[in-house]
Structures are given as structure tokens and as C-alpha cells.
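Just so you know, the sequences run in chain order S and Z.
At position 92 of the first sequence (counting the first as 1) the number is 92 in the working numbering, and the numbers step up by one without a gap.
At position 169 of the second sequence (counting the first as 1) the number is 169 in the working numbering, and the numbers step up by one without a gap.
Take these hints with a grain of salt, some might be off.
[Stated by the list, open to error] Derived lysine to aspartate or glutamate pairs resembling EDC-like cross-links, with alpha carbons at most 20 Å apart: (1) S/K245 x Z/E264; (2) S/K264 x Z/E138; (3) S/K264 x Z/E145; (4) S/K202 x S/D223; (5) S/K264 x Z/E101; (6) S/K264 x Z/D76; (7) Z/K244 x S/E262.
Read the hints as simulated data drawn from the structure, not as lab findings.
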Amino acid sequence: MKADVLRVKDLVVHYHTSLGAVKAADNISFSLKADERLGFAGESGSGKSTMALAILRMIKPPGRIEAGEVWLEGINVMTVSEEEMRQVRLARIAMIPQGSMNSLNPVMRVKEQIADALRDHGVQLSRHQLQERVRDLLTSVGLRPEVADMFPHELSGGMKQRACIAIAISLRPKVIIADEPTSALDVVVQKQVMQTLARVQKDLEASVILVGHDMGLVAQFVDRLGVMYAGKLVEVSPVRDIFTKPLHPYTQMLIASLPSLEQKGTFRGIPGLPPLLRDLPPGCAFHPRCPHASDRCRTEEPLSREVRPNSWAACHLLP
Amino acid sequence: MTTLLEARRVTKVFGGGLFDRNTTVALEDFSLAIDSERPSITAVVGESGSGKTTLARLLLGLVSPSRGQVLYQGRDLQAMRSAEMRTFRRDVQVIFQDPYEVYNPFYRVDHVLTTPVSKFKLASTKAEARAVIEGALEAVGLRPEETLGRFPHQLSGGQRQRVMVARALLLKPRVILADEPVSMVDASLRATILASLRTMTVERGISIIYITHDLATAYQISDNIVVLYRGSVAEAGDVERVVKAPHHPYTRLLISSIPVASAERNWVTESAPPAVGSFAGGAAGCKFVDRCPEAMPMCCQARPPLFRVDRYRAVSCYLYQAAPTLSPEEMVKAFIQPPAVPRVGASGGC
Numbered sequence: 001m002k003a004d005v006l007r008v009k010d011l012v013v014h015y016h017t018s019l020g021a022v023k024a025a026d027n028i029s030f031s032l033k034a035d036e037r038l039g040f041a042g043e044s045g046s047g048k049s050t051m052a053l054a055i056l057r058m059i060k061p062p063g064r065i066e067a068g069e070v071w072l073e074g075i076n077v078m079t080v081s082e083e084e085m086r087q088v089r090l091a092r093i094a095m096i097p098q099g100s101m102n103s104l105n106p107v108m109r110v111k112e113q114i115a116d117a118l119r120d121h122g123v124q125l126s127r128h129q130l131q132e133r134v135r136d137l138l139t140s141v142g143l144r145p146e147v148a149d150m151f152p153h154e155l156s157g158g159m160k161q162r163a164c165i166a167i168a169i170s171l172r173p174k175v176i177i178a179d180e181p182t183s184a185l186d187v188v189v190q191k192q193v194m195q196t197l198a199r200v201q202k203d204l205e206a207s208v209i210l211v212g213h214d215m216g217l218v219a220q221f222v223d224r225l226g227v228m229y230a231g232k233l234v235e236v237s238p239v240r241d242i243f244t245k246p247l248h249p250y251t252q253m254l255i256a257s258l259p260s261l262e263q264k265g266t267f268r269g270i271p272g273l274p275p276l277l278r279d280l281p282p283g284c285a286f287h288p289r290c291p292h293a294s295d296r297c298r299t300e301e302p303l304s305r306e307v308r309p310n311s312w313a314a315c316h317l318l319p
Numbered sequence: 001m002t003t004l005l006e007a008r009r010v011t012k013v014f015g016g017g018l019f020d021r022n023t024t025v026a027l028e029d030f031s032l033a034i035d036s037e038r039p040s041i042t043a044v045v046g047e048s049g050s051g052k053t054t055l056a057r058l059l060l061g062l063v064s065p066s067r068g069q070v071l072y073q074g075r076d077l078q079a080m081r082s083a084e085m086r087t088f089r090r091d092v093q094v095i096f097q098d099p100y101e102v103y104n105p106f107y108r109v110d111h112v113l114t115t116p117v118s119k120f121k122l123a124s125t126k127a128e129a130r131a132v133i134e135g136a137l138e139a140v141g142l143r144p145e146e147t148l149g150r151f152p153h154q155l156s157g158g159q160r161q162r163v164m165v166a167r168a169l170l171l172k173p174r175v176i177l178a179d180e181p182v183s184m185v186d187a188s189l190r191a192t193i194l195a196s197l198r199t200m201t202v203e204r205g206i207s208i209i210y211i212t213h214d215l216a217t218a219y220q221i222s223d224n225i226v227v228l229y230r231g232s233v234a235e236a237g238d239v240e241r242v243v244k245a246p247h248h249p250y251t252r253l254l255i256s257s258i259p260v261a262s263a264e265r266n267w268v269t270e271s272a273p274p275a276v277g278s279f280a281g282g283a284a285g286c287k288f289v290d291r292c293p294e295a296m297p298m299c300c301q302a303r304p305p306l307f308r309v310d311r312y313r314a315v316s317c318y319l320y321q322a323a324p325t326l327s328p329e330e331m332v333k334a335f336i337q338p339p340a341v342p343r344v345g346a347s348g349g350c
């Protein structure tokens with residue numbers, strides 16, 4: 001059994017608006033093992049990005065982390081100072097952002113952006129060493145060394161995303177969080193970027209958290225998959241089990257709503273709409289759309305429990 | 001076969017003004033015809049930059065072709081008189097990608113529904129107008145009492161997109177052009193919207209041109225598919241054949257790149273990603289030559305024509321040069337023809 005590199009316990013994030021608190025992440029708990037790839041899938045507004053940002057303590061007002069612990073290699077990152085946290089980010093836990101086009105500085109060359117990150121984390125290198133480091137990083141993500149001297153606008157979408165991966169791995173972090181890293185890319189390029197991510201993860205022996213709305217993409221990449229609904233983690237199971245024997249009714253219906261390339265006419269939508277996060281229904285948040293909902297589901301909130309070995313789900317209906 | 005909407009050897013070039021040497025050929029020598037008696041769903045699939053949206057704008061008459069013609073009931077859109085244009089604007093409806101930007105946030109959603117009713121005089125009394133609108137909303141699975149009177153921000157993306165489908169339905173169109181209608185809608189709602197598009201074709205006899213980058217949804221709802229690559233057709237024909245057994249190397253690459261949501265996992269292999277642009281394809285040759293694993297010297301010399309590889313498939317690739325060729329206009333001959341459907345609720349002239 002491998003050790004946990006990251007353990008999230010009862011994480012709660014609220015966004016405070018004039019209409020009341022929006023419960024974007026509610027009591028999220030999970031752990032991530034060394035070398036493991038864990039995915040989080042869910043529809044828009046299910047809290048997956050909020051959770052990813054909260055782990056890095058990057059929630060901005062009006063959002064606030066209300067409660068919870070995030071243990072990263074033995075330290076609770078919720079308790080360290082802001083300056084210490086800044087050093088933890090990138091060096092131990094790095095993020096590959098959603099829109100790479102917006103996260104690179106448009107007026108800095110790629111090599112300067114990589115150097116900036118290194119320097120900020122106290123890495124002292126001569127000009128020559130720096131050049132070499134940048135070249136190695138770019139090669140490891142499948143970019144030509146000449147990219148170092150280019151500006152972001154000279155790169156294609158896939159190249160920009162790879163440059164972001166190069167920055168994210170520049171300090172060899174143990175955990176990489178990728179939030180929809182390929183949502184703006186075409187499928188062919190998407191596959192190339194994900195292959196790059198898979199390769200660097202292996203090289204670094206790092207763990208990856210992949211957040212995405214595309215169940216297919218997440219499922220193909222990760223070992224275990226978490227499904228989020230209305231700010232809650234409703235199920236976490238190994239990928240193989242989740243597609244063959246999904247536990248939570250939402251997971252079952254979400255999988256049934258995916259269009260297949262094998263069989264025609266097999267996908268069905270989920271009736272109803274996701275609830276408003278500032279006005280959640282009592283009991284299980286999914287009960288208004290759940291075909292199996294009972295009275296208990298309408299009043300009592302189900303807690304997440306281990307339903308079968310390695311599979312956790314929050315549903316009253318499960319044995 | 002009588003043709004309703006047709007693109008005839010259309011080319012659209014952007015740029016290239018007096019001092020501008022950079023021209024972009026967004027769509028090249030493209031033909032497509034929609035039959036008026038046999039309603040069908042035709043998917044046009046391609047990556048970004050393949051010319052999908054340019055095609056949509058050309059078919060709607062929003063931009064004029066650089067070469068070739070777009071015809072509605074045999075009349076060139078560019079030469080139409082205003083009365084003809086009015087019929088065209090009514091008969092050919094569009095659903096755009098972004099269900100957020102098509103609404104004016106200051107108006108209630110009713111506005112997008114009442115405007116066409118009054119412009120096209122679909123109802124003579126207020127009560128009648130209300131009935132027409134409610135009927136259209138119900139047809140797409142929305143409850144009128146929960147939808148009307150609301151502002152766009154009070155509806156979800158999926159609801160807003162369904163209001164757009166309802167708006168298109170109001171006018172009893174003959175063709176609906178749907179440009180990425182579900183790419184901004186969540187998975188659980190996507191299926192419902194696509195099912196309502198399919199119902200329109202089957203029950204109301206409306207032909208749909210479904211423009212998308214998503215092959216899986218295209219496969220699910222369409223009869224025929226056209227795969228575009230950099231403005232040219234790579235492969236076209238029966239969706240079942242094209243998706244299940246792709247012939248063009250580009251279609252094969254595209255289909256193998258789709259991450260499938262299943263327990264079987266073979267998508268990410270940790271091999272080095274394939275390099276792009278090793279083969280210098282000339283402007284004259286096949287557009288896919290620089291990425292093609294099967295490129296031959298002849299691929300650099302001339303654009304491959306469409307080869308009719310089997311009854312219901314045309315492929316623009318020299319690997320199939322033994323097959324008979326089709327001219328661009330003849331591409332639709334390789335389409336499957338759904339059964340003829342009498343039109344329900346056809347608007348009696350006007």
C-alpha cells in the first residue's frame with residue numbers, strides 16, 4: 001500500500017454573496033496516493049474547480065475556506081503562513097490552469113516565465129545553467145528548445161498548454177493539479193497534451209489530480225474517479241468499477257447521458273436541473289432528480305461511506 | 001430529388017485586400033444539398049479552423065461566397081429580392097453556440113419569442129400568440145409557466161438553449177442550422193436538447209444541419225456526416241460507416257483521439273506525442289499531407305478528388321484512387337436517403 005501524499009478532510013468553501021452563502025464545496029474528503037492519478041468529474045457549478053483552488057489556498061473573496069484540513073506530505077497547508085504557502089505552491093504542489101492562453105504573460109518570453117518561477121522559489125542558477133534547465137523542461141514536454149525565446153502569441157493552443165506544464169513541473173512537485181487542462185483544445189491536440197502530462201508524471205513520480213467536465217477524458221486518464229454534484233463528492237471509485245458498477249444514482253445517470261461511439265440512441269439526459277448552491281434542497285441534493293428517492297432522501301443528508309472496498313459513495317439506497 | 005438548400009462549389013477566402021498578401025481559404029470548393037422531401041440530419045464535423053462556422057454563415061447568407069453560390073429553392077441568396085429573402089429568413093432557422101450571448105440581458109426571454117411572432121405575423125391576437133409560444137416551449141420540454149416572464153440570467157444554459165430551439169420551431173422552418181448547439185451545455189442536459197432536434201426531423205419533417213466538433217453527438221443524431229479538414233472535405237457519407245470504419249487517415253486520427261467514457265482504457269499511451277509538420281505539404285497537394293502517416297509523393301502534387309469508396313461513402317484520399325471519382329456537387333450521391341416524410345404543419349405560403 002502506497003502512502004498518501006495528499007489528504008483532504010472535510011473541506012468547506014463558501015462564496016458569500018448578497019443573496020446568501022453559496023456552498024460551492026461541502027465537506028469534501030479524499031486522499032491521494034503517491035503516483036496516483038485521481039480525477040474529479042462533474043457538471044458546471046458542481047464545485048470541482050473550487051475544490052482544486054481550495055487545496056492550493058487560492059480561493060479569492062467573496063469565496064472563503066470555512067473549514068477543513070489539507071495535509072500535504074505531513075503538513076496541514078491550511079495552517080501555514082501566506083509566505084510559506086507561496087513557497088509550497090509550485091515546489092510541492094503545482095497547478096496547470098484551465099485557460100493556458102490567459103495564464104501566460106503575453107509580454108514575456110517563455111524562458112523568462114520559467115526563470116521567473118524558479119527565481120521566486122529561491123533557485124539560484126547561472127545564465128548557462130538556467131538555459132539548460134529551460135531547454136530540458138521544454139524537451140520533456142515535447143516542445144522544441146527554440147520555444148524558449150518565443151512569446152505566447154507565437155505558440156499554438158497545444159504548445160501554450162505544454163509550456164504551462166513545463167512551468168508546473170519546473171520544481172518537480174509531488175502533486176500536480178490540472179483543472180480542465182485541455183478544454184479549449186481540439187481532440188487530436190488534447191490527446192497529445194494528455195500524453196505529455198502522463199509522461200512527465202511518470203518521470204517525476206508525481207501524483208495528479210485531474211478536474212474536468214468531460215467524463216471520457218477524465219476516465220481515460222485517471223486511476224480513480226470522483227463524481228461531484230452540487231458541491232459534494234457523491235462517489236469515489238476506481239475507474240473500472242465506476243463504469244461497470246456505478247454506485248450513486250447520479251453517477252449512473254451521468255454515465256447514461258454520455259453519447260457513445262459504439263451504439264446509436266443509447267444516451268439519455270437527466271431530467272430536471274441541478275439545484276442552486278445557495279438554496280440546496282434538504283436531505284440529499286440529488287433527490288429532486290433521482291428516480292429512486294425515498295422519504296429519507298428528502299430529509300436526511302447521506303454521508304459518504306465505503307460501500308465496497310475502495311469505493312465511497314453518499315447515498316441512502318446503497319446497502 | 002428537389003433541392004431545398006444548396007451550397008454549390010462554394011469557396012470563401014478571407015483577407016487578401018490590396019495590400020494584404022495573407023489570405024485564408026476558410027472553405028474550398030464545397031458543395032452540399034439538402035433534399036426538400038426527405039428530411040435528414042447532416043452533421044458537419046471538424047476541428048477549429050476547419051471552416052465549420054464559415055459554412056454556417058454562408059448557408060445563412062450572412063457572408064457572401066468568394067466563388068460559387070448558395071441557393072435556396074434554386075434561387076441564389078445573393079440575388080434574392082426582399083420578399084424572397086423574407087421567406088428564406090423564415091424557412092431557414094439557426095441555433096447558435098452560445099446560449100448566453102444571444103440574449104439581451106435587459107429583456108425577458110419572452111422577447112426572443114414574441115419578436116418573430118409579430119415580425120412574421122404568426123398570430124392575430126395576443127391569446128393566439130401566447131398559445132403558439134407555449135406550444136413551441138412545450139415541444140422542447142420546457143414548462144411555459146416556469147420560463148416566460150423570466151430574465152435570461154434566471155435560466156440555466158440548457159434552458160436558454162432550449163428556448164432558442166423553441167424560437168426556431170415557432171416559425172415552422174424547413175431547415176434548422178445548428179452551430180455547436182450543445183457545446184456549452186452540460187452532459188446531463190445535452191442529451192435532452194439533441195433528442196428534441198432529432199424529434200423535429202422525425203415528427204415535423206425539418207432538416208437539420210448539425211455543425212459540431214463533437215463526433216460522438218454527431219454520430220448519435222445524424223444520418224450523414226461530412227468531415228472537414230482545413231476547409232476541404234476529408235470524408236463524407238453514411239454516419240454509421242464513417243464513424244465505425246473511418247477511411248481517410250484524418251478521420252481515423254480524429255476518431256482514435258476521442259477519449260471514450262468506458263472501463264476500457266487504452267487512450268493515453270505514455271509514448272512521445274507524434275511530431276506535427278514533418279512533411280512539407282505544398283499548397284497544391286492534400287491539406288493533410290504534413291500530418292498523414294500514409295503520405296505518398298503524389299499527395300503533394302494535387303488535391304485528391306472525392307473517391308466513392310463504397311455506395312455510401314466518399315473519401316478525398318489517394319489511397320482509394322482505384323474507386324470512381326465524384327465531383328464536389330456529386331458528394332451528396334454518397335449520402336443515405338432517409339424515407340420521404342410528408343411535412344406536418346406546413347405553412348401555407350404567406
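Note to self: Between the alpha carbons of Z/K244 and S/E262, is the straight-line distance 20 Å or under?
What the structure shows: Given pair Z/K244, S/E262 holds - Cα atoms ~8 Å apart, limit 20 Å.
Tell me if the straight-line CA distance from S/K264 to Z/D76 falls inside 20 Å.
37 Å, violated
Given the hinted pair S/K264 and Z/E145, is their alpha-carbon gap at most 20 Å?
Since the Cα atoms of S/K264 and Z/E145 sit roughly 34 Å apart, the hinted pair is violated (cutoff 20 Å).
Is S/K202 close enough to S/D223, meaning Cα to Cα at most 20 Å?
14 Å, holds
* Within 20 Å, alpha carbon to alpha carbon, are S/K264 and Z/E101? -> 32 Å, violated
**Q.** Given pair status - Z/E138, S/K264, alpha carbons within 20 Å
**A.** The given pair, whose Cα atoms are some 26 Å apart, is violated under the 20 Å limit.
S/K245 paired with Z/E264 [C-alpha distance capped at 20 Å] = Given that 20 Å is the threshold and the Cα spacing comes to 13 Å, the pair holds.
Hints 2, 3, 5, 6 from the earlier list are contradicted by this structure; the remaining hints agree with it.
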